[in-house]
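Enquirer: Below, each chain spelled out in residue letters.
2 protein chains.
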Amino acid sequence: MTEPLRLGIAGLGTVGAGVVKIIRQKAALLEARSGRPISISAVSARNRVKDRGVPLDSYAWEDDPVALAKRDDVDVFVELIGGSDGPAKAATEAALRAGKDVVTANKALLAHHGQALAEAAEKAGAVLRFEAAVAGGIPVVKALTEGLAGNDITRVMGVMNGTCNYILTRMESAGLTYDQAFAEADGLGYLEADPNLDVGGIDAGHKLSLLAAIAFGTQVAFDAVELEGIGRISIEDIRQAADMGYKVKLLGVCQMTGRGLEQRMSPCLVPATSPLGQLEGGTNMVVIEGDQVGQVVLRGPGAGEGPTASAVLGDVIDIARGTRVSTFGQPAASLELAKPAQTATPAPYYLRLILLDKPGALAKVAAALGEAGVSINRMRQRSHDQNTAPVLIVTHKTTRAALDNALAAMVGTKVVEGEPVALRIEQV
Amino acid sequence: MTEPLRLGIAGLGTVGAGVVKIIRQKAALLEARSGRPISISAVSARNRVKDRGVPLDSYAWEDDPVALAKRDDVDVFVELIGGSDGPAKAATEAALRAGKDVVTANKALLAHHGQALAEAAEKAGAVLRFEAAVAGGIPVVKALTEGLAGNDITRVMGVMNGTCNYILTRMESAGLTYDQAFAEADGLGYLEADPNLDVGGIDAGHKLSLLAAIAFGTQVAFDAVELEGIGRISIEDIRQAADMGYKVKLLGVCQMTGRGLEQRMSPCLVPATSPLGQLEGGTNMVVIEGDQVGQVVLRGPGAGEGPTASAVLGDVIDIARGTRVSTFGQPAASLELAKPAQTATPAPYYLRLILLDKPGALAKVAAALGEAGVSINRMRQRSHDQNTAPVLIVTHKTTRAALDNALAAMVGTKVVEGEPVALRIEQV
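Chains as they are written, first to last, in this note's numbering: chain U, 1 to 428; chain C, 1 to 428.
Only chain U is shown next, with the shape it has when bound in the complex (with noise of 0.2 Å):
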């Protein structure tokens, strides 16, 4: 096992000129740890000439990251390309027909494909590896397909987002309104170039499906993740939240109960002593739950180029040291199709709605809640000298199912303006 083991890197955005970086400077740590030299055999980008802060003479060069993944010269193909389809699903595509092993950073590419390349990986004896694409620097999907193995896992949350957990932290701090949180994280580069894929939680469900596969031992399942972005926190949501003892966070979960596998990214209320609670700014937690090993919580940062080279020269050093793990931590055939929980897991619900200013409006509101069967814990109308008054309501735990019905004999009451904010309480 001394013989190189030889990279063909495809993508060299800032992570991956940093993974370049790192694999110059540290050589002699890297084969110290790895039990053998890493080197590079090859790169690909679209545009060869401009300047990556990293001397690229001594690599081959290729167009085309298919070509480079099919190199009789690079052992493992190291995908940072980024994408869903295109380029990055051809290449990794092509790299494990040719049977190389793949390094991956693309939590959109496995999201939507991860059951099929899992498939590919193991009939071609490859391994497909993909920590990177998880919480950036943090090994979580090490610690669930590996260290916490021996146990089932009953539940995974995690804030994933550093972007929306930037904006949600700097309308807390500095009173911000969603527009100028938004605002000033696009000024400083943190956004998207489709800003919805940040705010609208898609990719952060991309992670969470994956982390949901590895563990429940199920398909990955993206399109059963239930999807709720952060565009309608308002100040006043985060105010009142944190007035009862709450942070407001885009938060994932996923468990399996009896009714199926749930898996939800969407703004809730966690305690604000908990470890999510205390999160603040970019910095990405992921939480852990196992039956025998209880709670594990990790924490770090969730993007950037050292983190994200960081992950992937983890896989990387892996391969090097002749470790060969399922994707998805079971063979691929022996991954469940989940059925998708219909209902989640009752939870009580912060509420905010708008009152119009006429007679018995707050009965009717409480009668709506009482006939679908939701309790009230907390209420509280604001004094306002308008025609409407802000209202809001801690309930009970109650299913969603129930909470939609008053939610939407509610509006049919006429006494509500526009759409009530409604968010889940979860129990961490």
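In case anyone wonders, no lab produced these hints; they're calculated from the structure. It is possible that some hints are incorrect.
[As the list claims (entries may be wrong)] 25 Å max Cα-Cα, derived SDA-like pairs, lysine to any residue: (1) Lys26/U to Leu337/C; (2) Lys26/C to Thr323/U; (3) Lys26/C to Pro331/U; (4) Lys26/U to Gln255/C; (5) Lys123/U to Pro4/C; (6) Lys26/U to Thr257/C; (7) Lys123/C to Leu29/U; (8) Lys123/C to Thr2/U; (9) Lys123/C to Ala32/U; (10) Lys123/U to Glu31/C; (11) Lys123/C to Ala28/U; (12) Lys26/C to Thr257/U; (13) Lys26/C to Gln295/U; (14) Lys26/U to Ser334/C; (15) Lys339/C to Ala32/U; (16) Lys26/C to Gln255/U; (17) Lys364/U to Ser375/U.
Following the hints, put chain C in place on chain U, whose structure we already have.
Expert: Relative to chain U, chain C alone:
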């Protein structure tokens, strides 16, 4: 690889019995994840007739763990006996000599004999894994050895003795004296037979020395860990720390500096709002800092049947999957003898001393600090009616050597009663 992986388990206390239970109850899950069945061939313990809540009849019994370790029908020797020498060491050595892989939860054994055992394992082509020896259920050995292997590790910190953290938390939250909190922990069965292993920092020091070896590629050097227990911490210290925005934790820190390897396990002040400061009760936390990843924080249960068994099973599943990683992350022969740093990285310190009520006493204390080159950031003398006055000082960043000179000079002035308390304020 569909042959079962056959275990021999030595030591059937809480953890050993827990491992047996999981292997019996989760056979299908473990086989799916491992790619092969995991079975138990034989077990060993001191008392054969004791009821351990799990049937053992189907396993061969060995009175002698050394005999168990050498059995032909054992692939992996699981050492859960404990103790740095005696039967645990003899049986582990016998297993490795016989070419068996070893999984152990024994921090004392590895802290004292880690280098020799790692060499023995490599000589025999065996692996020696010890996830359960450090921070219970938190997969921190794996995170450091594998997931973060692409980093130059700059510092590792940890609260790794749940009993000490329980005592300190109870002193703070319930206003108990050290002796009261100690008695409470003892009543709950939290203390080792020799309590100094806990409150003297020895147990946590063992764990720190193992993480340092992995982090810095050095031979385990437990004897070089600066150890200081929590026995001198008073409620007064905890209250004053809280008043200044700090918490008192028994904190392990290791870092490689130009002066050599620092390894300290001592009560420190950490910011109350940091993840370490927010840690309460028996939970453990390890903070890993790498040049690429930045800061990764892992938190979870540090002891107990389920968490420790979870860690043991993680190692067993790795072996079943064919994962072969060097004991400390690189070949034992390549681990360097660490030069211990003669002096710790400078830091601010918290001092508490009892001043005798003599004219000029405070001036003498201030002079002792100034002459040693230690400058004062904050000082507070409390009102008093007796003949002595408590004085609290927070210094600017200083070396421990300068501080010790100052403390010696202070005591020499005879205006200070007893020994001052000096606690490092760790920058986390």
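Enquirer: The structure should be examined with respect to each hint, and the outcome stated for every one.
Expert: Results of checking the hints against the structure:
no.: 1; hint: Lys26/U to Leu337/C; result: holds, 21 Å
no.: 2; hint: Lys26/C to Thr323/U; result: holds, 24 Å
no.: 3; hint: Lys26/C to Pro331/U; result: holds, 17 Å
no.: 4; hint: Lys26/U to Gln255/C; result: holds, 19 Å
no.: 5; hint: Lys123/U to Pro4/C; result: holds, 23 Å
no.: 6; hint: Lys26/U to Thr257/C; result: holds, 18 Å
no.: 7; hint: Lys123/C to Leu29/U; result: holds, 22 Å
no.: 8; hint: Lys123/C to Thr2/U; result: holds, 18 Å
no.: 9; hint: Lys123/C to Ala32/U; result: holds, 18 Å
no.: 10; hint: Lys123/U to Glu31/C; result: holds, 20 Å
no.: 11; hint: Lys123/C to Ala28/U; result: holds, 23 Å
no.: 12; hint: Lys26/C to Thr257/U; result: holds, 18 Å
no.: 13; hint: Lys26/C to Gln295/U; result: holds, 19 Å
no.: 14; hint: Lys26/U to Ser334/C; result: holds, 16 Å
no.: 15; hint: Lys339/C to Ala32/U; result: holds, 20 Å
no.: 16; hint: Lys26/C to Gln255/U; result: holds, 19 Å
no.: 17; hint: Lys364/U to Ser375/U; result: holds, 14 Å
Consistency with the previously given hints is maintained throughout, with no hint failing.
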